[in-house]
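Peer 1: Just so you know, the protein sequences line up as chains A, B and C, in that order.
The opening position of the first sequence corresponds to residue 1 in the working numbering, with each subsequent residue numbered one higher.
The opening position of the second sequence corresponds to residue 1 in the working numbering, with each subsequent residue numbered one higher.
The opening position of the third sequence corresponds to residue 1 in the working numbering, with each subsequent residue numbered one higher.
The hints are simulated quantities; they were obtained by calculation from the structure and are not laboratory data.
Possibly wrong hints are sitting among the right ones.
Listed below are the simulated EDC-like cross-link pairs for lysine to aspartate or glutamate, each with C-alpha atoms no more than 20 Å apart in a straight line [claimed, not checked]:
id : chain 1 : residue 1 : chain 2 : residue 2
1  : C       : K302      : C       : D526
2  : B       : K116      : C       : D258
3  : C       : K371      : C       : D258
4  : C       : K371      : C       : D568
5  : A       : K89       : A       : D160
6  : B       : K120      : A       : E120
7  : B       : K116      : A       : E32
8  : C       : K301      : C       : D258
9  : B       : K120      : A       : E52
10 : C       : K302      : C       : E354
11 : C       : K302      : C       : E369
12 : C       : K302      : C       : D569
13 : A       : K159      : A       : E91
14 : A       : K89       : B       : E36
15 : A       : K94       : A       : D160
16 : B       : K120      : A       : E59
17 : C       : K170      : C       : E75
18 : A       : K62       : B       : E36
19 : C       : K301      : C       : D478
20 : C       : K447      : C       : E369
21 : A       : K62       : A       : E120
22 : C       : K527      : C       : E484
23 : C       : K301      : C       : E369
24 : B       : K120      : C       : E354
Stretch by stretch, here's where chain B covers chain A in the computed footprint (C-beta under 8 Å, at least three residues) [claimed, not checked]:
id : stretch
25 : 79-90
26 : 139-151
Chain C side only, calculated, beta carbon under 8 Å to chain B, not exhaustive [as the list claims (entries may be wrong)]:
id : residue
27 : V234
28 : D264
29 : L267
30 : H270
31 : F274
32 : G276
33 : G305
34 : L319
35 : F321
36 : I333
37 : D334
38 : M337
Glycine residues also receive a C-beta, built at the ideal position from the N, C-alpha and C atoms.
Chain residues, written in single-letter form:
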Amino acid sequence: MGNSFQPPIATGRQTAGLPSGRLGTWWLVASEIVIFGGLIASFVMYRLRHGEYWALQAEHTKLYAGALNTFILLTSSYLVVCAHQAAHKGEGRKAAKFLYQTIILGGCFLCVKAYEYNAEISAGFGPLSDLFWTFYYTATGIHGIHVVIGMITMGVIAKDASNGRQLQRVECIGIYWHFVDVVWIFLFPLFYIASGI
Amino acid sequence: MSIQSVTHKKMNYRKVYQCLIVLLVISIWGPVYALELENRTLSVLVVLLTAFGIATVKTFMVSAWFMHLKTEKTFVSRLLLVCIAFMILLFAGVAPDILLPEGVNRELDQNYSYPKEEPKNIK
Amino acid sequence: MCVGCKLSGSCSTKGVTKCQPIIAKKTIPQKLKEYLLSTDHKVIAIQYLITGLVMAVLGGYMAYVFRMQLAFPGENVPGFGWVSPGNYNALVTNHGTIMIFWVAMPVLVAAAGNYLIPLMIGCDDMVFPRLNRLSFQLFFISALVLLASFHVPGGGFGGAWTSYPPLSSKEEYSLTPLGAPIWLMAVALEFVAFLIGGINFVTTMMNARAPGMSLTRIPLVVWMIVIASILFMVSVGPLVAGSIMLLSDQLAGTAFYDPVNGGDPLLWQHLFWFFGHPEVYVVLLPAMGIVAEIIPVFSRKKFFGYKAALYVTIATGVLSFFVWAHHQFVAGIDPRMAHLFTATTLLISIPIAELCFLYIATLFGGSIEFKLPMLWAIAFLVEFLLGGVTGIYLGASGSDIYFHDTYFVVAHFHYTFFPIAIIALFAGIYYWFPKATGRHLNEFWGKVHFWGTTITFNFVFIPMFFLGMGGQHRRIFDYRHFPELAGSDMQELRVFATVSAIIMMAFQIPFIINFFYSIFKGKISDKNPWRATTLEWTTTSPPPHGNWEQLPNVYCGPYEYGNPNGQDDYIPQNMAITTKETQTHG
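Using the sequences and the hints given, assemble the complete structure.
Peer 2: Here's what the structure looks like:
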């Protein structure tokens, strides 16, 4: 493909009052809400059905590792919003710096998760040991895949931003990253809190 | 947008972040404290309020301030609320079947001992 | 001398307004690469359309084989061979899956949406053209994955398009250990393709409209496709989650739907139908939109009740989320829920009936021209109404206890799906073919195709209503094993339906020949052969890359017919007329 892609006039129009990139990102978030929503609703139904039996299983998730991960993601959310602030002012390199820091924190999140998975599987709580654990690995796994996709996209956008290009995309990846954070904010109490309910 | 309102927004982000961390700490302390409580209903209530209540509050804070839903077009917030409402609808429509696997009017066979759920992977 | 002069001898024809220097001819590999990697919404739309039509031939072939098995059980089917029970199940399953996901959705939502939305709202392409290309590529790969599932050891998946566990989750029941997961992966990939495409459509309609095109000046078909995309986006989420769970059960032996280990097979049913019911409206709405475009043009009359149509469509969309368990009345759901879902299901017939009344009101008093698109549009109305009223018997839980899983259901959904996916599709093709290719389809062969298809269609499916009432259950490969269903009275109806189906398929041959012949040798069409008002008719046929030299502005609503203040008897949307008419009605 010799010539680079030229966006059509349609991409620049804003009849609804907000840029199309951001509008498209919100629609993406809406569709992801119903995907995670379906998974979480199914988990909640099973959790209520299996009551005490699953509460026993949930005692073996690592509360403090989960709390550390929540802290990591909240901090990364704060850094992303700082990146957005910088991009808004046109400071591409500063925005890229914040985005790279967010990516590193995303990596830390995955490392903590890897440690948890390792410890839990070694203790006999693998994905096939009980349906609770199947849900745990599926939900946190799909969430982890979204973290990885976010990190890769963020890397691409940060590279462009450090050259001062496409700064409006920083806000869009920010919205996606905040959504990933919000999903974790709900996964944390669902899987890590066990006290007989 | 003036420089003042921009820096004002940045101060807000830091405050929101600090608030979120405090809420995180409370949401961990709550269930740990609830484990030591005698009264079961109170224990469940504390867990629900601290773990899930705080999760909801944190979600609102991240959405409103970090995702700028407060300044975004109202259509977006309505769209997201509609999606969440449909998930509640899904739960309401499916839960009667999943939570009552033995059915509503079925008479349990007196001579049959229904197996109790036992965790196979925990000693 | 420029390209324009060279082609026609004069630069003022074909809308060429400035000289285009002669550029070097592209080689065939270059042209092919440009075509395959094009981001132009019109090219992508045609790619979706052709893929959908090819899959329709495959789905039709499958129907031919299993209908032959039902009419002449145990005999070799010409063009297939002997049909085993496993073959039969795979044919029935994949016929349904292909027709819904690889025919109805790509042609009605993706092809129509891609072609029409930018042209009808007055912009030069979709807002995210590269994402558009990605959606098509994902969709095409999903079609290949589905085709691959037929050729793996064990054969194609045979657990019905609804894929209920444990039949679909355990290989000792499905007997297709490879076919089942590959089928599921194809469907999941198709969902992702349409999710991405849907985001594109909705964002384009919301943000890229021409100046002056307020929300109530948007043509109804665009509204319908966009609302359908939203319905799809919101309803498919839980099924994506459910499919991941089912795939995990199939491949890893997890217990999401396994009651022995804590799961529940009913969960899959709910997750499936929570999507499955809005899905039928996802395909219905664009079909009704196409008919809504055609009827005003060929009655020379404004659409009766634009806002009513809009509100009724939104009401249908919302209500469609509240009716799903009418597919599960006899599955063992809580009977109290059955009461609720009966009420909501009967309620949802009201807005759709209202929409049909609006079409009839538009026709009433109009100056009707029975051109081919109009013939198909009216056929849609008649057949769909028949299908709709038979749904009432199925929506009421009492009668559904008898009718569920009988051929009554099959007849009902074919009486709704066939108008949606075939009749409305042909209406759209006959209507927009001149715009897309610059040539007309042959009227005579078009009429042969029309009457041949619509008459034989009724002869295929009316017998099935009677067979269903007589107790014939679905998904049985040989009724000779059921003495009460093997009588000659029922068997004669089966043979009649099968023979009619074969004749109906034969009547598609004139269409295929007409279609390809007319692309090259059809009568040349000008910009606006149907004298329609919407924006796509203001550009050349076919539209150039970028759609217009200069993007249009909009000054009035999309159905200003019978209004002599403009040109002829209509006012195109991009014509500025200052009369009271256009100022009060948006």
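Peer 1: The structure should be examined with respect to each hint, and the outcome stated for every one.
Peer 2: The hints, checked one at a time:
Proximity of K302 of chain C to D526 of chain C is assessed by CA-CA distance (about 23 Å); at most 20 Å being required, the pair is judged violated. About 17 Å separates the Cα atoms of K116 of chain B and D258 of chain C, which keeps this hinted pair within 20 Å; it holds. With a CA separation close to 56 Å, the supplied pair K371 of chain C and D258 of chain C exceeds the 20 Å bound. The hinted pair formed by K371 of chain C and D568 of chain C meets the criterion: a straight-line CA distance of about 19 Å does not exceed 20 Å.
Under the criterion of a C-alpha separation no larger than 20 Å, the hint pairing K89 of chain A with D160 of chain A is consistent with the structure, at around 16 Å. Note on K120 of chain B and E120 of chain A: the hinted pairing holds, with a Cα-Cα distance of about 15 Å set against a maximum of 20 Å. Between the alpha carbons of K116 of chain B and E32 of chain A the distance comes to roughly 37 Å, so the proposed pair goes past 20 Å and is violated. With a C-alpha separation of about 58 Å, the suggested pair K301 of chain C and D258 of chain C falls outside the 20 Å cut-off, and the hint is violated.
At most 20 Å may separate the alpha-carbon atoms for a hinted pair to count; K120 of chain B and E52 of chain A meet this at roughly 14 Å. Distance hint between K302 of chain C and E354 of chain C is fulfilled; the C-alpha atoms sit about 17 Å from each other, no more than 20 Å. Simply put, K302 of chain C and E369 of chain C have alpha-carbon atoms about 15 Å apart, close enough for the 20 Å limit, and the pair holds. Pair hint K302 of chain C plus D569 of chain C holds up; C-alpha atoms about 11 Å apart against a cutoff of 20 Å.
Proximity of K159 of chain A to E91 of chain A is assessed by CA-CA distance (about 13 Å); at most 20 Å being required, the pair is judged to hold. At roughly 51 Å between alpha-carbon atoms, K89 of chain A and E36 of chain B are farther apart than 20 Å, so this suggested pair is violated. A distance of roughly 12 Å separates the Cα atoms of K94 of chain A and D160 of chain A; the hinted pair therefore holds under the 20 Å criterion. Taken as a hint, the K120 of chain B and E59 of chain A pair is honoured in the structure, with Cα atoms around 15 Å apart against an allowance of 20 Å.
Under the criterion of a C-alpha separation no larger than 20 Å, the hint pairing K170 of chain C with E75 of chain C is inconsistent with the structure, at around 31 Å. The suggested pairing of K62 of chain A with E36 of chain B holds, with an alpha-carbon distance near 18 Å, which does not exceed 20 Å. A C-alpha spacing of about 52 Å is found between K301 of chain C and D478 of chain C, which places the hinted pair above 20 Å, so the restraint is violated. Pair hint K447 of chain C plus E369 of chain C holds up; C-alpha atoms about 14 Å apart against a cutoff of 20 Å.
Simply put, K62 of chain A and E120 of chain A have alpha-carbon atoms about 9 Å apart, close enough for the 20 Å limit, and the pair holds. A C-alpha spacing of about 60 Å is found between K527 of chain C and E484 of chain C, which places the hinted pair above 20 Å, so the restraint is violated. Note on K301 of chain C and E369 of chain C: the hinted pairing holds, with a Cα-Cα distance of about 11 Å set against a maximum of 20 Å. At most 20 Å may separate the alpha-carbon atoms for a hinted pair to count; K120 of chain B and E354 of chain C exceed this at roughly 58 Å.
Residues of the stretch 79-90 of chain A with a Cβ under 8 Å from some Cβ of chain B number 6, which satisfies the need for three, so the listed coverage holds. Counting residues of the stretch 139-151 of chain A whose C-beta sits closer than 8 Å to any C-beta of chain B gives 0, which falls short of three, so the coverage hint is violated. The criterion of a C-beta within 8 Å of any C-beta in chain B is met by V234 of chain C, whose closest approach is roughly 6 Å, and the hint holds. A hinted interface residue such as D264 of chain C counts as satisfied when its beta carbon comes closer than 8 Å to some beta carbon of chain B; here the least separation is about 5 Å, so the hint holds.
Interface restraint check for L267 of chain C: the shortest CB-CB distance to chain B comes to about 6 Å, inside 8 Å, so the restraint holds. Annotation: interface hint on H270 of chain C holds; nearest CB of chain B at approximately 4 Å, less than 8 Å. For F274 of chain C, the interface hint holds, since its Cβ comes within 8 Å of a Cβ in chain B; the closest pair sits about 6 Å apart. Interface restraint check: G276 of chain C against chain B, minimum CB-CB distance 13 Å, threshold 8 Å, status violated.
For G305 of chain C, the shortest C-beta to C-beta distance to chain B is roughly 25 Å, which exceeds 8 Å, and the interface hint is violated. This hint is violated: L319 of chain C has a C-beta 12 Å from the nearest C-beta of chain B, more than the 8 Å allowed. Given hint, F321 of chain C at the interface with chain B, holds; its Cβ is 6 Å from that chain's nearest Cβ, closer than 8 Å. Because the closest C-beta pair between I333 of chain C and chain B is about 5 Å apart, less than 8 Å, the hint holds.
Residue-level restraint check for D334 of chain C holds (minimum Cβ-Cβ distance to chain B is 4 Å; threshold 8 Å). Of the supplied interface hints, the one on M337 of chain C holds, with its beta-carbon coming within about 6 Å of a beta-carbon of chain B, less than 8 Å.
Hint compliance for this structure: hints 1, 3, 7, 8, 14, 17, 19, 22, 24, 26, 32, 33 and 34 are not met, and every other hint is.
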